[in-house]
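Starting from the given sequences, assemble the full structure and let the hints guide the process.
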Amino acid sequence: MLDGLLPAIVDAAIARGASYCDVRDVERESELVDLQDGEIESIERKGDRGIGLRVLRDGSWGFAASARVADEAGLRALLDQAARLADAARTVQRRAARLVPQAPQRGEYRTPLEQDPFAVPIPRRVELLRAADDAMRGPRVTTRRGSIAAYRTRKRLVTSEGTDVRQEIVESAAGLNIVAVKGGVPPAIRGDMRSARQAGWEFVEELDLVSLGARYRDDAEATLDAPAAAAKPTTLILDQSFLALMVHESCGHPTESDRVLEHEVAFAGTSFMWPKDRGTLRYGSTHVSITADARVPGGMGTFGWDDDGVPATRTPLIERGIFTGYLTSRETAAALGLVASGGSSRAEGWQHSPLVRMVNVSLEPGDRSYADLVGEVDDGLLLESPASYSLDDKRENFHFSAQVARVIRHGEVGGYVRGVGFQSLTKDWWGSCDGVAADDWELHGFLTCAKGEPLQSMRVGHGAAHARFRDRPIEVRA
Amino acid sequence: MTTTAASTLLGVDALLDPLQRALKGAGAEGAELWVHRRRASVVRYSHSSIHQSAASDELDVHARVAVDGAVGTAEGGSLAPDALRDLISRAAALAKLQPANPTWPGFADPAPYRAPHAFDAATADLDPAGQARAIAAICASLASGQRAAGTHSVDVTEDAIANTHGVAAYAPATVAYLRALVQGEHGGAGYADDLSRDHRGLDPAGIARRAREKCELDHDRARLAPGDYEAVFEEDAVAEILRFVSLTGCGGQAVREGRSFMAGRIGEAVTGARFTLHDDALDPRQLAIPFDVEGTPKERVTLVENGVVRGPVHDRTGAKLMGTRSTGHAADPDRYARGGHAGNLVMAGGSATREQLIGAVTRGILITRFHYTNTPDPKRATMTGTTRDGTFLIEDGRIVGALANVRYTMSALELFSGIDLLGPQRLVRDWWSTNGMGSIVCLAPAMKVSRATITGSSPA
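Heads up: the sequence lines are chains B and C, in that order.
If you're matching positions, the first sequence starts at 0 in numbering that gives the first Met the number 0 and goes up one per residue.
If you're matching positions, the second sequence starts at 0 in numbering that gives the first Met the number 0 and goes up one per residue.
Heads up, some of the hints might be wrong.
Here are the computed lysine to any residue pairs in the SDA-like style, where the Cα-Cα straight-line distance is at most 20 Å [to be verified]: (1) B:K426 to C:A459; (2) C:K95 to B:P122; (3) B:K181 to C:G263; (4) C:K319 to B:D36; (5) C:K95 to B:E38; (6) C:K378 to B:A477; (7) B:K45 to C:P332; (8) C:K378 to B:S146; (9) C:K95 to B:S146; (10) C:K378 to B:G183; (11) B:K45 to C:A459; (12) C:K319 to C:D395; (13) C:K378 to B:T142; (14) C:K95 to B:Q35; (15) C:K378 to B:G182; (16) C:K378 to C:I265; (17) C:K319 to B:E38; (18) C:K319 to C:G306; (19) C:K378 to B:V140; (20) C:K378 to B:V184; (21) B:K45 to C:L96; (22) C:K95 to B:A118; (23) C:K95 to B:E126; (24) B:K426 to C:R222; (25) C:K378 to B:Y388; (26) C:K23 to C:T163; (27) C:K378 to B:E474; (28) B:K181 to C:E256; (29) B:K231 to C:P225; (30) C:K378 to B:V119; (31) B:K275 to C:H185; (32) B:K45 to C:D333; (33) B:K45 to C:R337; (34) B:K45 to C:A79; (35) B:K426 to B:H286; (36) B:K45 to C:H185; (37) B:K231 to B:V373; (38) C:K95 to B:V119; (39) B:K45 to C:R84.
Source of the hints: derived by calculation from the structure; they are not laboratory data.
Keep in mind it's a predicted model, so treat the numbers as computed, not measured.
Shown next as structure tokens:
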């Protein structure tokens, strides 16, 4: 019923003095199956639908959202509320918001998928999780958890500048986690934050949860019996899942342009990568190139258009170690004096106003084989999957710890050690990278990048291959 | 509590009645409906200019239906009779796909709960112009060259829960929050915030003064070498430590799985005697409602008393697994771990003034707050994180200079073993909770400790 009213409401906003208005109609659904210790913990279906309406009046934004808009009067009430919010903001305005131009967009985007994950019978999902649960059993494994999830978002964006686009995004995700306990040493926790991809059920099958569960069990059991690592500077090789998070935290966030403009200074923080540094700041070694790309097939940050109506695009952020680009929206691009948005304006659901968010931000493949990276290490560690991570407000100082650490000796990966963490300044870390693999680049996806007030939990994608870092101090908590 | 109904509330009739009507036709062996409504108005500013003014009105309905000992869950966004019937039907269909769950404790039985205390009608009715005025007051108080950033938010929540055993509960609540980060021309920064159920409890002038004073001290930062130092933790920083004590250690599930510092140590001393921690949603100063999402009345739970572990909090399932009863700590499973969530912490305080806390330090640091903390060793409630917006060097009982942000890494149990002095309690939240990430509200004191471990420093 509301579908035909959306163009009229953005026109009404302009007639009432707004310089810009957009309205999003978003419907979301999800299904989640959780198992713990072989028993179904929950099977859940969720859904919501609502309208978010944004106006720009005299350089100030107002955004109002509700799930209870049912008719034209409801839409007009939402517009009234957004206008009041903008007018209140206008009373404390030193910096007026303006937008870089964007040509009107029309069209549809749909996730390409082989098998709709919602169409897979629940018992089949449970059966797969039970098989993975069996694989995770181990003599000292005390807790086993598994989950499979499916998400669908239907979204229509209509703007006062003539954009009218529809998107249907389908995501599939699965995750396993275990805790293994042995007296006298810290529990071994092995798992993931639920691997996710913009794809159908085929992604869940591709994950091979049974093999993954067995691997997690073996890693956890071995870690319990492993000696503490030696606390000395060493060569580190990080796997793709670890680097996906490091790229996210130490490059994705500091290149968000709203942080640079201090929109997030009191909460999420700012950056150490300022506009004056573009083209000159050495962020990392020449092996490090990092790119934002909303067109990567299957990426959790892939779409047809962002929530400003900007088509998906590709933006280099780090080129051969030099900082070159930002993630931008139409507003932040204008504030930074750029001619166009990089298409990174995204909102979680209908209830939130768009923010600058990561899309798919990836470490580009290098020019070495993984075997060469390992083969050239005389004494080092292979680290897999992050455990704990903590960063400062400028993303300049970080601490990570690893779920799994294995010794590399004379070019070969050997036994396990435990308790490995490391802290570094960001530029020192990426500056010590002396190789990125060319042959094992993988795409990872996260469901919950938190930012904004109120909190918005965003899907993002990150690709990476194994990479090597020299002379890294480590700390050991055994 | 202000008892006047606010125009922004949907109210008990609008929320509870539809649930009870829908449950009459549930037909299964048992069902529960919980509705959470949240109306949020968030105004954010930076460079002394409002850049976001947003309001949202969300309503989530959660249904749990039991069929032959199995439970299905469904969530929707409407209280319309058809929608609720459909929700119950979908949850029942999911339950029928499952075998009986031996850990299922059944739905809660009715029990009296305290009158809600955390709602203020004037706060619920505060309009965006009122929020902007508070921000304007902060910005107007700045010295030349200073700029301010922060947030003014008002959350109005209403929770209603009903089940086929006869539970019927409703509670509204408000949360008002104002923060300011004052920045100077040359990189200095100072931070302050206020949290209250009543927007009149937010003091823009006081916040601005506290943040400004710190900003003005924050110049010519030095880098502190890693090592152990005496320290003063202000209340926001203490809340950050308490967050990890709660999340890693105070839920029944973490104890049962052996991940908690409490595991196998109930009745043992784990910190010094000056540390006592309760979870107490019933404390009239707390921001909380008096029942949990299963409809169980919340209880005051002693977690650690004079350094001795007393025990965790429980939801119904966790309690059954541990052979005890629920303490009323079931939380939204979409946001919190199952087994019980200690989200209304009350740490025993003292009477030391800020000057006395600082004055007791021979050489050490003052920490205002932390950023993006985490736990590299959950079993020991170890937290790591960098400080921000007010880190100072103290020598001979006075602040002598600003420090570059430092990385702190230490077990909370060790930190609390070194408490020398405690200040009065203040209502605060940790960095994560300030925007709703696994929210924990603390009544926490500032404290002076004999040892805090600093493991690194950001550039000056």
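Tested hints:
1. B:K426 to C:A459: holds (15 Å)
2. C:K95 to B:P122: Measuring from Cα to Cα gives roughly 11 Å; hence the hint holds.
3. B:K181 to C:G263: holds (13 Å)
4. C:K319 to B:D36: holds (16 Å)
5. C:K95 to B:E38: With Cα atoms ~15 Å apart, K95 of chain C and E38 of chain B stay inside 20 Å; holds.
6. C:K378 to B:A477: Distance ~11 Å between K378 of chain C and A477 of chain B Cα, so the pair holds.
7. B:K45 to C:P332: Answer holds: K45 of chain B to P332 of chain C is near 13 Å, not above 20 Å.
8. C:K378 to B:S146: At roughly 24 Å apart (the allowed maximum being 20 Å), S146 of chain B and K378 of chain C break the hint.
9. C:K95 to B:S146: holds (19 Å)
10. C:K378 to B:G183: Measuring from Cα to Cα gives roughly 11 Å; hence the hint holds.
11. B:K45 to C:A459: violated (48 Å)
12. C:K319 to C:D395: violated (54 Å)
13. C:K378 to B:T142: Roughly 15 Å between the alpha carbons, so the hint for K378 of chain C and T142 of chain B holds.
14. C:K95 to B:Q35: holds (18 Å)
15. C:K378 to B:G182: Given that 20 Å is the threshold and the Cα spacing comes to 12 Å, the pair holds.
16. C:K378 to C:I265: Distance of about 14 Å is within 20 Å: holds.
17. C:K319 to B:E38: Roughly 15 Å separates the two Cα atoms, so the pair holds.
18. C:K319 to C:G306: violated (27 Å)
19. C:K378 to B:V140: Answer holds: K378 of chain C to V140 of chain B is near 16 Å, not above 20 Å.
20. C:K378 to B:V184: holds (10 Å)
21. B:K45 to C:L96: holds (17 Å)
22. C:K95 to B:A118: holds (18 Å)
23. C:K95 to B:E126: Holds, because 15 Å separates the two Cα atoms, which is no more than 20 Å.
24. B:K426 to C:R222: The hint holds at about 18 Å.
25. C:K378 to B:Y388: Within the cut-off at roughly 16 Å; holds.
26. C:K23 to C:T163: holds (8 Å)
27. C:K378 to B:E474: holds (18 Å)
28. B:K181 to C:E256: holds (12 Å)
29. B:K231 to C:P225: holds (16 Å)
30. C:K378 to B:V119: violated (39 Å)
31. B:K275 to C:H185: Within the cut-off at roughly 17 Å; holds.
32. B:K45 to C:D333: holds (11 Å)
33. B:K45 to C:R337: holds (18 Å)
34. B:K45 to C:A79: holds (16 Å)
35. B:K426 to B:H286: Roughly 13 Å between the alpha carbons, so the hint for K426 of chain B and H286 of chain B holds.
36. B:K45 to C:H185: violated (49 Å)
37. B:K231 to B:V373: Cα-Cα ~19 Å, so holds.
38. C:K95 to B:V119: holds (17 Å)
39. B:K45 to C:R84: holds (15 Å)
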